[in-house]
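For reference, the chains in residue letters:
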Amino acid sequence: MLRALWTAASGMTTQQINIDNIANNLANVNNAGFKKSRVNFQDLLYQELRPAGAITATGISHPTGIQIGLGSNVVATEKIFSQGNFQQTGNMLDIAIEGDGFFQVTLPDGNIGYTRAGSFKLNSDGDIVTPEGYLLEPTINIPENATSISIGTDGTVSVTLPGEAATSEVGNIELARFINPSGLKSIGNNIYLQTGASGEPTTGVPGEDGIGSIAQGVLEMSNVNVVEEMVNMITGQRAYEINSKAIQTGDEMLQIVNNLK
Amino acid sequence: MLNGLYVAASGMLQMEKKLDVLSNNLSNINTAGYKMDTPTFESYLKKEEDFPQDIIRQSKYNQTINAVSRLAEVATDFSSGNIRQTGNPFDLALSNPDAFFAVDTPFGIKFTKAGNFKIDNDGYLVTQQGYRVLSRNVENNEGIRIPNGNVSILGNGQITVDGTVVDNLYVVEFEDKSKLQKTGYNLFTAIDTLPEESENPRVMQGYLEESNINPVREMVNMISTHRAFETYQRVIRTMDTLNERAANELGKIA
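Protein chains in written order, with this note's numbering: chain F, 1 to 261; chain C, 1 to 254.
FYI, nobody ran anything at the bench for these hints, they're computed from the structure.
Even glycine gets a Cβ: it sits at the ideal position worked out from N, Cα and C.
Incorrect hints may appear among the rest.
[Unchecked claim] Computed, partial: chain F to chain C, Cβ under 8 Å:
#1 L2
#2 S10
#3 N18
#4 A52
#5 S82
#6 G152
#7 G183
#8 E252
#9 I256
Make a model of the complete structure from these sequences and hints.
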């Protein structure tokens with residue numbers, strides 16, 4: 001049967017994955033710390049009907065070959081770690097990273113997860129935790145009677161205790177940085193895990209060695225750009241449609257063949 | 001039987017191949033750096049040089065009536081695709097339509113227009129498939145290792161991290177691009193031609209070259225393919241009717 005049918009079908013399948021990805025980006029448009037992903041495509045194999053350089057009966061070699069491509073597929077979905085917009089919240093435990101880097105949190109299974117979502121809370125013991133209750137790593141405990149918390153751009157956390165004029169330091173927020181953040185694995189809840197492709201994390205003081213600095217009272221919003229996603233959605237839909245037209249044309253041509261006799 | 005039948009059938013077969021090529025173009029409408037393919041056809045008849053003594057083959061009549069059509073080549077159109085801003089530091093576009101990135105693959109050095117690169121776990125600049133992008137420093141060509149820091153890539157392919165030059169992209173051009181053959185995975189192979197280093201690669205960081213498919217053109221092509229296919233079918237049916245008459249009516253005694 002016609003190669004074109006399967007070729008166009010592969011195009012429809014890739015566009016379907018493209019739309020799935022756009023839908024996920026749009027679903028997380030208001031999710032603090034969310035990073036959009038992008039689908040990357042590649043062309044598939046080529047069927048060689050005549051190799052380039054083949055010699056004809058008359059002894060002339062063809063300068064170019066005849067190759068027919070067999071469609072497209074998805075090669076990777078890639079997280080784009082561009083900076084999201086900042087929103088002033090005034091909440092003392094809303095922390096944003098300006099630049100590269102991730103907060104480290106301890107997951108229930110003991111592994112370290114990495115996140116950009118900086119809407120932290122305190123748990124009943126006074127430890128800084130994510131909204132899911134995962135402890136910030138290294139653990140920072142805020143004394144029960146602290147009247148205010150201040151976090152410096154270098155991650156120093158200090159508190160004011162009642163009756164004391166000077167602030168006292170209770171810990172430091174460390175950030176982790178990856179050579180290839182696009183290789184991190186998303187596990188939901190805005191948390192990423194290290195993989196072979198992301199490389200080992202290098203931890204450090206915010207604001208040094210290429211690690212971003214910290215801003216208190218600010219939340220990093222998602223970096224999803226609605227206009228861009230809408231345009232991607234429109235082109236994705238049209239690409240899907242045009243591939244379905246190719247299938248339809250192929251089908252009608254087969255119908256013509258069937259009407260030959 | 002009537003030779004025209006085979007000529008019309010060859011036309012149908014070629015239209016089928018044309019649709020295959022069009023479908024592949026449409027399937028890759030969102031593939032970064034994809035270049036459009038165009039099939040061209042030729043008429044084919046065993047040439048007189050092959051059979052110098054054969055008078056019938058050499059006759060103009062025979063050449064007009066019996067030359068079937070066949071696929072001559074699938075040519076790739078290397079014109080620039082749209083260049084889209086993405087803001088991703090490792091998305092590189094070559095706004096010079098003649099320039100290609102050189103990539104090291106297990107099956108030799110290949111060339112690509114798809115500049116959606118990333119960094120692998122050893123810190124090398126790689127394509128989405130994981131093949132290393134080659135550096136201009138050909139003697140020691142292990143790829144381009146990019147240390148942590150603020151990466152900025154200049155128009156001439158120079159890569160700087162925190163203001164220090166670390167490497168140069170190996171961007172090449174070809175004298176005859178028709179000798180580039182597609183290998184899939186957004187790569188081209190150079191057949192019987194050698195790359196020359198591009199003097200003006202015009203690398204754009206944070207931009208990505210999209211495919212150069214023009215959907216309107218492809219739609220029009222698809223419609224004309226469909227209609228041509230239909231026409232050949234009519235020709236075949238007409239000839240079949242003629243044969244039917246010859247078989248059933250000519251010999252009839254009234």
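In ascending order, which of the hints set out earlier in this document are inconsistent with the structure?
6
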